[in-house]
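Peer 1: Protein chains in written order, with our numbering: chain A, 1 to 176; chain D, 1 to 323.
These are calculated hints, taken from the structure and not from any lab test.
Small disclaimer: the values here were computed from a predicted structure and weren't measured.
Just so it is clear, CB atoms sit at the ideal spot from N, CA and C, and this is done for glycine as well.
Misleading hints may appear alongside valid ones.
Lysine to aspartate or glutamate pairs mimicking DMTMM-like chemistry, simulated, CA-CA at most 20 Å apart [unchecked claim]:
(1) A:Lys95 - D:Asp120
(2) A:Lys37 - A:Asp84
(3) D:Lys157 - A:Glu98
Facing chain A, from chain D, some residues (calculated, C-beta under 7 Å) [to be verified]:
(4) Trp86
(5) Glu158
(6) Val159
(7) Trp160
(8) Gly162
(9) Ile163
(10) Gly201
(11) Arg203
(12) Asn206
(13) Tyr243
(14) Asp247
(15) Ala291
(16) Pro294
(17) Asp312
(18) His322
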Amino acid sequence: MKKRLTTLASIAALAAIFALAPAPLPAQILEAELTVKGLACPFCAYGLERKLKKLPAAASVAITFKQNLARVHFDGRESPDIGDFFRLVHDAGFKLEELRLLVRGRRAEAGGEPCLELPDGKMLPFTSDGVGAALAREVPVGTLVEARAGARAAEEDAGRSRSYILSIESYQVIPR
Amino acid sequence: MSRRTRLSHPASRALLGRRSGERAETPVRLARNTGSAKPRKGRRPSWPNDMPKAHDVLVAVLLAGFAPGLARAHEPIFGIGPRTIWKNGFGLETEFEREREEVENVWSLREEILYGITADVALTLEIPYLLEKSDGRSQASGFGDTMLRGKWRFYRKEVWGGIYHAAILGGVEFPTGKTSGVALGSGSYDYFTGLAGAYEGRRWLNFGAVRYRFNTADKTGFARPDVFLYDAAVGFRPVLTEYTQPDVVLMFEINGEVFGKARRNGDPVAGTGGDRMFGSFGVWFTYRNWAFTPGVQFPLVQNMGPLRQQRDFRAVFAVEFHL
Numbered sequence: 001m002k003k004r005l006t007t008l009a010s011i012a013a014l015a016a017i018f019a020l021a022p023a024p025l026p027a028q029i030l031e032a033e034l035t036v037k038g039l040a041c042p043f044c045a046y047g048l049e050r051k052l053k054k055l056p057a058a059a060s061v062a063i064t065f066k067q068n069l070a071r072v073h074f075d076g077r078e079s080p081d082i083g084d085f086f087r088l089v090h091d092a093g094f095k096l097e098e099l100r101l102l103v104r105g106r107r108a109e110a111g112g113e114p115c116l117e118l119p120d121g122k123m124l125p126f127t128s129d130g131v132g133a134a135l136a137r138e139v140p141v142g143t144l145v146e147a148r149a150g151a152r153a154a155e156e157d158a159g160r161s162r163s164y165i166l167s168i169e170s171y172q173v174i175p176r
Numbered sequence: 001m002s003r004r005t006r007l008s009h010p011a012s013r014a015l016l017g018r019r020s021g022e023r024a025e026t027p028v029r030l031a032r033n034t035g036s037a038k039p040r041k042g043r044r045p046s047w048p049n050d051m052p053k054a055h056d057v058l059v060a061v062l063l064a065g066f067a068p069g070l071a072r073a074h075e076p077i078f079g080i081g082p083r084t085i086w087k088n089g090f091g092l093e094t095e096f097e098r099e100r101e102e103v104e105n106v107w108s109l110r111e112e113i114l115y116g117i118t119a120d121v122a123l124t125l126e127i128p129y130l131l132e133k134s135d136g137r138s139q140a141s142g143f144g145d146t147m148l149r150g151k152w153r154f155y156r157k158e159v160w161g162g163i164y165h166a167a168i169l170g171g172v173e174f175p176t177g178k179t180s181g182v183a184l185g186s187g188s189y190d191y192f193t194g195l196a197g198a199y200e201g202r203r204w205l206n207f208g209a210v211r212y213r214f215n216t217a218d219k220t221g222f223a224r225p226d227v228f229l230y231d232a233a234v235g236f237r238p239v240l241t242e243y244t245q246p247d248v249v250l251m252f253e254i255n256g257e258v259f260g261k262a263r264r265n266g267d268p269v270a271g272t273g274g275d276r277m278f279g280s281f282g283v284w285f286t287y288r289n290w291a292f293t294p295g296v297q298f299p300l301v302q303n304m305g306p307l308r309q310q311r312d313f314r315a316v317f318a319v320e321f322h323l
């Protein structure tokens, strides 16, 4: 009997630990693929690696000269601002030509525009044309979605601040 | 190379950039004042009245090994390029150099700290240390003149697998080296400015630069010659490696120096001035944020007049670390 009680207590303790542990991340930027101009030598590209590792939740950075690519994998709840990618690449001495993201977020609306909402509250608007139109039309607000998208500057305010918009290339609904 | 018997004093070397000529001409006359421009071999000359005094010579000697470089980060080994470092990045470099000019041997060490204010503006502090300088008559060692210099990369156009860029260079050398006894500093504030441009691609790299060094007078009224320097370099990467692999680039350079006249109390010193050109070969070995750059330089043409020694060669080995 005593042995059975001990076992039950252990199971209860484990259950309590799991209950208190943070839930799996419901949404985030999972991966970024940066097509970079100016990548010529490894010694100089080290600065790019250093800069990209400063992105919030960046877990790893891989640079490929042959494809002019830098890939960043993220592992965390916090998400970088899209503008951070462009700023950090410039500060490293290169030019970010194209940014593609793998994003997991909830379908949302902000100011009448379709968006993906990240867990830290960031809203990533996306264009409502092509695949984006299908996402906006067919996926209800609040649904968890994983999307691959390109990011580009949407507008510029007197040359100082920029906002960015996603162009959805593909998506899939994540089952609850 | 023809070895004219000249002074063993590399006096007043205007160091404009350690990597490409930088040393100003020695305003010291080696020959006896006998009317003959050709000194007798193996004899130590006396100092004619119209030439700089022993003090000047000492000042020159001290400067022998100190040819300050420019903010560098993957640049020509004896020349200079427009490359800076990323914003808030630091670079540490230790460079070991040996130079021989006829009877003179110089072993020197330079420590450099490079900082990127932005991706296009970099500052470098250089602290030279002369390990040993021997001219057959005396030896000197110790710290030399500290130099602060900067680059502003005013143009940069990134392309696929390469970059075109250009930078303005400038700097000042402070008279921090001692000038008494065997002097290790110039005793004067000296300035330089320049322009560098490059295309750096995956396979080929091309560099070009011009610099001008203004040397002011020291307390005795003696000023080393101003120097104009020009550099052209081509780099070739035989194997296109990936980012995480070691990288090798072969560098071929032409480095030229054109010297003005040394001045005493504003008056030109006779027998100074001239020009010379060098050919250089070096290799960049890099692995991520480490760079190892050995190089050697030989004279191609030297028209330096009777008061200057001929340079035999210069060799450098630098280790650079970025963090």
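Peer 1: Could you work out which of the previously given hints the structure breaks and list their numbers from low to high?
Peer 2: 11, 12, 16 and 17
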